[in-house]
Amino acid sequence: MMFLERTFTIDELIKRCKTGDRKACELLYKGFASKMLGVCMRYATDKMEAEDMLQNGFIKVFSRLNDYRGEGLFEGWMRRIMIHSSIEYYRKHHKMLQVIDTTELASTPLVDASAPANLNAADLMDMVQQLSPGYRMVLNLYAIEGYSHKEIAEIMGISEGASKSQLSRARNILKQLVNRSNGRKYEYAG
Amino acid sequence: MNMPDKELDALFRAQLNNIETEPSERVWAGITSQMEAKAMQRRRRLRMAAAAAIVMLLTACLLATRNNDTNAVVTMKKEPVAQTSINAMPSAVASVNVKPMVKTQLAVSAPVHDKPKVVAAIQEPAEMESPPLLTVQEPQEIMIAQTKDIAAPPAPDDIALTHKIINPEAEPFQTKPVAIIQANLPADNEQGKATEKKKINSFGGLLNALVSKIDKRKDKLIEFNDADGENNITGINLGIIRIKKEEEDQQ
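Chain order of the listed sequences is A and B. Sequence positions in the first sequence follow this note's numbering and run 1 to 190. Sequence positions in the second sequence follow this note's numbering and run 1 to 251.
Not the full set, but computed from the structure, chain B residues with beta-carbon under 8 Å of chain A:
| hint | residue |
| --- | --- |
| 1 | Asp5 |
| 2 | Leu8 |
| 3 | Phe12 |
| 4 | Gln15 |
| 5 | Pro23 |
| 6 | Ser24 |
| 7 | Val27 |
| 8 | Met35 |
No lab work stands behind these hints: they were computed from the structure. Remember, predicted model here, so these are calculated numbers, not experimental data. The beta carbon of each residue, even a glycine, is placed where N, CA and C say it ideally should be.
Same shape as in the complex, but just chain B (with noise of 0.2 Å):
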C-alpha cells in the first residue's frame, strides 16, 4: 500500500519544520568579515559621493561668480606691470610675461660702455583687443639711450622697428625699473612652486588642490585644512562674503 501524497508532506512537516542544527565557528567569521567588507565599502561610496558633491557645488560657485571674479584678477596682474616703463638700463634683459592679455620682451644688447643697442620688441597677440599693458611713451618706436661718450647712432640693421635719439639729460633714465620686475617675478614662482611641491597628505588636500587648479586668487572659494589629517573647512571666498580661520601659530 502506498502512503498518501498529504500524510507524506504531513510527515516531513512534522519531522523537518523545527529541526534544529548547530553550526560551526567558521560562519560567524565569515558574517563578520563580509559585513565588515561591506561597511568599508559603504563608506567609501559616501567619501566619492561627498567629494563629487563638493566639486560641483564649487564649480556651479564659479560659474556664477566667474565674471566679477575675473576682472578683479586681471586688474590685480596689471597693477604692477602698468608702472615699468621701457627706460631700461642699458646690459640688463628683461622678460615681462603678462597673461593671457600680453607677452612683451624687452632686450637690451650692448654692455655699458659699449655702443649701446637697446633693441625692445613688442609682441602683440592678434586676438588681443586692448593695449599692452606696458607704459611705453612712444610704443612703436625703439628707443636708443644715447650716453656722452657715444657719438654715433647704432647702425640701422641692428634696429627692427623706428628709431629716435633720446637725450639723457632731458629724459633721464628711471631709477631700475627693471630690477623691480626682477625682483617681484622670481618670488611669484618660488610661491608657485612650493604650491607645486606641497604633498597631498589627506582629503582636505586633495580638495585645495582641486580648488587652486580652478581658483587662482589668494583667498579661495574653500579651503581646507589638511594638517594632521584634519579637514576642517578654513576659509570661504565667496566674493561679497569672505570667512577666513586664522592658524593657531599665527597668532
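Bound conformation, chain A alone (with noise of 0.2 Å):
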C-alpha cells in the first residue's frame, strides 16, 4: 500500500482554502489547531469552554481569510482572533465573578518563592484558569499578549483604571497561589 502526500505551504494552503477548499481547511486546522487552543486554554475556565472558544475562533479565520494581507505572520493573525474569540466568550456568556477568598489563600504559610522553575505550565495553567474571567482576561492580554492598560481598556470595555486594579488583584491571587504550591511542593519534597 502505498501512501502519497504532499506538502503544502501556509500560503497554499491559504490560497486553496479562499477557493472553499473543506480539505484545505482541515489541513489548516490540523496546523494550527493544538497551538491555538493553548492560547484559548488561557481564557477559559476549561477545556470544554476553550474548544468552544477554539471553534468560533476557526469559523471567523476561515470566513475571514481574504481579510489577511499576508502582512506579518499567519500564526500572529490567526492569534489575535483566537484572542478576540475568547473574549466575545466571555462577553457572551457574561460569567459572574469567581470571587476567590483571599483570606483563605493569606492564611497559607506564604514560602519564599525561589524555586518558581519547579513550577510547571499545567500547575501555572490552573493557577491562571482558578481567577475569575475580568482577572483572568486582563491578566493574559496584558502580562502574556503585551498589550497596554489602554488597549486592554479598549477591547473591554473598561476604564484604564479599573484594567490596572484588576491586574494587580490578579497578580497577587496568582502570587498567592504560587507560594502555596511551592509550599506544598516543599511539604511533599520533605
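From the two separate chains plus the hints, produce the assembled complex.
This is the structure:
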C-alpha cells in the first residue's frame, strides 16, 4: 500500500481555503489547532470552554481569510482572532465573577518563591484558570500578550483604571497561589 | 519574600505563551457543520437578492414601456369584438365582455317559433370615454327580428328601450356571429385555466408566474425555462427587441 503525501506551504493552503477547498481547511486547522487551543485555554475556565472558543475562532478565521494580506505571520493574525474570539465568548456568556477567598489564601503559610521553576505549565495554567474571568482576561492581555492598559480598556470596554486594578488583584492572587504551591512541593519533598 | 510583578509576568509568559493542547474531534465537526450552515445562508441571501433585482428590473422595464404596450393590448382585444354585430340568432344567449372598456350583454328570451323577443341591454360605464365596441346599427334602439309567421310586434312591456321592426328580407341576419363569440371565449378561458393550474416547480417558474401577473402579452417581457429544474432565459420582449428561443421538441 502506497501513501501519497504532499506538503503544502501555508500560503498555498490559504489560497486553497479561499476557494472553499474543505480539505485545505482541514489541513490548516490541524496545523494550528493545538497551538490555538493553548491560547484559548488561558482565557477559559476549562478545556470544554476553550474548545468552544477555538471553534468560534476558527470559523472566523475561515470566513475572514480574504482579510489576511500576508503582512506579518499568519500565526500571529490567527492568534489575534482567537484572543478576540475568547473575549467575545466571555462577554457573551458574561459569567459571574468567581471571587477567590483571598483571606483563605492569606492564611496559608507564605513560602519564599525562590524556586518558581518547580512549577510546570500545567500548574500555572491551573492557577490562571482559577482566576475570575475579568482578572484572567486582563492578566493574559497584559502579562502574556503584551497589550497596554489603554488597549485592554478598549478591547474589554472598561476604564484604564479598572484594567490596572484588576491586573493588580490578579497578580496578588497568583503570587499567593504560587507561594502555596511551592510550599506544598516543599512539604511533599520533606 | 514576595515575587516582583515583572518576574511573575515573565514566569507565566514563558510557561504559557507557547503551550499546546490537542483538541478533541468534536471541534472540527462543529466547525464544518457551522460553515455549511453559513454557506447555505449565504446562498439563500444571494438568491433572494437576485430575485429582488430581477423583479425591480422587470418593474422598471414595464413602467418604461407601459404606454405603448397598453395601447397594443387594447387594440388586440378590440378587434374580434368590433367585428361582431347584434344580428343575433333568436334563442341564442351571448355574453361579450370587453374589460375594462365595455361590458355588453345581449339576451334573447324567446324560442324560434314563438313570439320572438330579442332584448339587448348595453351597459356602458359612466367613466367610459370611447363608444362601445359592438357594432350596432342603432345603438340606442332595440332590434326585433320579425319572421313571416309572427304578425304582432312584441309587447311594449318586454322592451326596455325604444324598438323598431326589422324586415328580415330587407335586412337579413348574418350567419351565426354569436357562435363565433362562443367559440372564442371558452378557448381563452381554458387556456387561462391551464396557465393557472401550471405548477411552479423552480425559481424560473416562480419568475414566469410573477411576470405573467404583470405582463399580459403573449410574449412576456422575460420568460424562463423551468423544465427539468433549469432556469434559463427562453425569451425576451422589450417591445422593439424580441428574442424567443424555440423549444427543441417543437422543432
